[in-house]
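Let the hints inform the model, and build the full structure from the sequences given.
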Amino acid sequence: MRRTLKRYLAAFVAVVVAAIWAFPVYWMINSSFLTPLTISGLTPTFVPFGGTLQNYRDVTTETPFFEALTMSLMVVAVTLAICLAFATLAAFAISRFRFKGRKTFVLTVILVQMLPAEAMFIAQFQMISGLGLLNSLAGVSIIYIAMVVPFTVWMLRGFVTGVPIELEEAAMVDGCTRMQAFRRITFPLIAPGLVASGVFAFIQVWNEFALASVLLTDDDVQTLPLWLRDIAQQSNLGAPEWGQIMAGSVLVAVPVIIFFIIVQGRMAQGLVGGAVKG
Amino acid sequence: MSIVTPPELETDIPEPAPEPGSTKPPRTRPRARRLPYVLTLPAVAALVIGLAYPMGWQIFNSMREYGLAQQFGAEAPWVWFANYTTLLSDTLFWTIVVRSLVFMAATALATMTLGILLALLMKAAPTWSRLVLQSALLLAWAMPIVAQMTVFSWLIDPRNGVLNYLLSLLPGVDMIGHNWLAEPLSFFFVASAIITWASVPFVAISVYAALTQVSDEVLEAAQLDGANARQTLIYIIMPIIRPVLIILLLLQFIWDLRVYAQIQLLQDFGPKGDDYDLLGTYIYGLGIGQGQFGLAASAAMIVLLITLLVSGWYVRELLREDAR
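Sequences listed follow chains A and B, in order.
Per our numbering, the very first residue in the first sequence carries number 1; after that it's consecutive.
Per our numbering, the very first residue in the second sequence carries number 1; after that it's consecutive.
Be a bit skeptical, because a hint or two may be false.
[Unchecked claim] Here's a subset of chain B near chain A, in silico, CB distances under 7 angstroms, partners left out: (1) Ala43; (2) Leu121; (3) Ile145; (4) Asp268.
[Claimed, not checked] Covered by chain B, per the in silico footprint, the following chain A stretches (three or more residues, Cβ under 8 angstroms): (5) 20-29; (6) 85-96; (7) 200-214; (8) 256-262.
No wet-lab data here; the hints were simulated from the structure.
Even for Gly, the Cβ is constructed at its ideal location relative to N, Cα and C.
Encoded structure:
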């Protein structure tokens, strides 16, 4: 009896905590459908009955949303393509070969992920500026590739290790070279790993703010996070257009939330997996 | 939100023994020896260009006088450690270092405490309510930083924000018009609360995963020996999941030290100035804002040193876990 009561209590607390935690996200979506008049009222509107899509229309037409979306997609595409190619090769090397410097490379890959943007961005700004690549796709991509390669290598390494080396050896017995064996046998088998690490890289690059704010200062090369900051700042000069700002936030957040939910299982696992062994 | 990696640091790949009569090429062939280097070359090159070169620039120029004049081509004279001594004898710099460390510790501890409590709650709650809680946590976890900051700025908007409205519903409280970002202490409290909100999901879900791995036999044995729930938690469960907790705590330290984006964006909505800076925004102001690149480089080197100290500890914990 006391046990069931406790479980009911736990369920109740869990639901209340869930409501509190999800509230900001709900509030973002709710507010994005409210008219400026409703939103500036002193009493908040908790459910967007009779809502409007006007905020979405305004925020996409009155601001350079599509330019920012194009820029973000280009940065993501370039970074992902190059990062996945480089990382696959490196992951193959560290999980299939023993070579001098392998351990150093692996440790570097782990440590580099801990570097905060604030410890490097002045120097990265100087380098990109020296190359004349400020406000360019190439400049920001160079920095982003270095940012996402380490964890992609690390993640893919796990997937490559999961494919038994005997499969490759069998192919080599049949006359493949090492690289052919990798390309034809192992590479197709790590496709799920490529998708998962690609999604992680996507999320990182799509959300990145600190480096973008330093490397992309012109209005016409903004990525979406910079664009969102810009509309928030501009409308902040007068009375903030919260409806539009929330519509913009939804547009930036929704792709991430969708992708995130697809790969989250792997994420929690990847971060601490194996730390407790029975 | 940031992503790190699985801590199982496998040490060496067992070399498969050459089977008798196998046609496998011997590993000593020069081509095969070169192959791993050829394969890692592109990744190494990417890291050298994007990180190592700027790092070199930073070390180099943290020891030179590098201001706006140098940015436009003037000679940058060597000053060796003058930039460092300037910074280290500047009370503002020390204030900001201490403030950042206190902010880091407070936020990380709040995150860990709440995360562990929520994990225990998930363990105690029936499955359906656990799934509801997990979904809510995932939503918060998935929010991009910029969107987090816009949403919270709207929640705490002095006039129309829902927080002040709800607080004012309490009898005798009138918070309408209260600006949460005006006072530095309140500003950092808000920043810390937002970061905690965003980081608790990862901690809660990871600790919950660790809790589910504690075997039932151990818990039963504890019960048979007469341990109550509190004793079981403190003396049995906590020691078992301790390695996970330490790794999570160190990750929180590392992440809560790099909060440039959050602080910068919160300053957009509130006041600016030294009183509202942490290390990230301070370095940005020094370098990009005032063009004092030499000083900014040496400040960045100090941040790097702090990060490396914490990360070194983190990697050591990982390696120790691996050695078990």
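Hints and how they fare:
no.: 1; hint: Ala43; verdict: 4 angstroms, holds
no.: 2; hint: Leu121; verdict: 6 angstroms, holds
no.: 3; hint: Ile145; verdict: 6 angstroms, holds
no.: 4; hint: Asp268; verdict: 5 angstroms, holds
no.: 5; hint: 20-29; verdict: holds (count 6)
no.: 6; hint: 85-96; verdict: holds (count 10)
no.: 7; hint: 200-214; verdict: holds (count 9)
no.: 8; hint: 256-262; verdict: holds (count 4)
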